[in-house]
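With the hints as your guide, set chain B onto chain A.
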Amino acid sequence: KAGVTQTPRYLIKTRGQQVTLSCSPISGHRSVSWYQQTPGQGLQFLFEYFSETQRNKGNFPGRFSGRQFSNSRSEMNVSTLELGDSALYLCASSPGTANTEAFFGQGTRLTVV
Amino acid sequence: GNSVTQMEGPVTLSEEAFLTINCTYTATGYPSLFWYVQYPGEGLQLLLKATKADDKGSNKGFEATYRKETTSFHLEKGSVQVSDSAVYFCALISNQAGTALIFGKGTTLSVSS
Chain A
8 KAGVTQTPRY LIKTRGQQVT LSCSPISGHR SVSWYQQTPG QGLQFLFEYF
58 SETQRNKGNF PGRFSGRQFS NSRSEMNVST LELGDSALYL CASSPGTANT
108 EAFFGQGTRL TVV
Chain B
525 GNSVTQMEGP VTLSEEAFLT INCTYTATGY PSLFWYVQYP GEGLQLLLKA
575 TKADDKGSNK GFEATYRKET TSFHLEKGSV QVSDSAVYFC ALISNQAGTA
625 LIFGKGTTLS VSS
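Protein chains in written order, with my numbering: chain A, 8 to 120; chain B, 525 to 637.
Hints are computed from structural coordinates only; laboratory data are not their basis. Keep in mind that a hint or two might mislead.
To spell it out: a stretch of chain A is covered by chain B in this simulated footprint if at least three of its residues, at any positions, have a beta carbon under 8 Å from a beta carbon of chain B; those stretches are [what the hints assert, rightly or not]:
1. 35 to 49
2. 53 to 66
3. 90 to 103
4. 107 to 116
Built from N, CA and C at the ideal position, the CB exists for glycine as well.
One chain only, chain A, in its complex shape:
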């Protein structure tokens, strides 16, 4: 079965712009989580969506937002981009029940200039 698909793979944006990243989970999975990976901070949890509702949220400013559609596809939006937002953004898909494995996409590499 198809894996987790993230688009685009690479993005270059200018400070102050906004960006939308997309994640298509594995078929049948209802949970999508987003993570930010940077050399300095490592992997940090942004938020999780389950059945179109935000179920968990990490410690990120309100410029970071997301949503999930009825087909479980998810989008993440970052507004008013800052240089520090440059990172690899990873999406993880899972059935959403306790202790189940999360499957990761290859990520979107965002560079803010």
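Relative to chain A, chain B alone:
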């Protein structure tokens, strides 16, 4: 709060050497524990997991045992290969109602022939 601490490396080994990557955690309740691996330019892949005390997770020659008394989940492999060169992340899930992973900083492993 919940956290994961792992040796940051880099760890440099010769092929067929024994590998240990230490991981300790702080968490409320009874977390599930995971090791993920990230190859260059890729997302994360689950290597192994353990969901309760004294469980041993194993995969591709790697093993880790959930030790509640020492709050540890050390990764071991008896004989590493060049193809094992990657970044290894220890992680936990503490919130049983969701799938938010808390990661360690990652350990870079480099194996030479």
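Which numbered hints turn out to be false for this structure?
Violated hints: none at all, because every hint is consistent with the structure.
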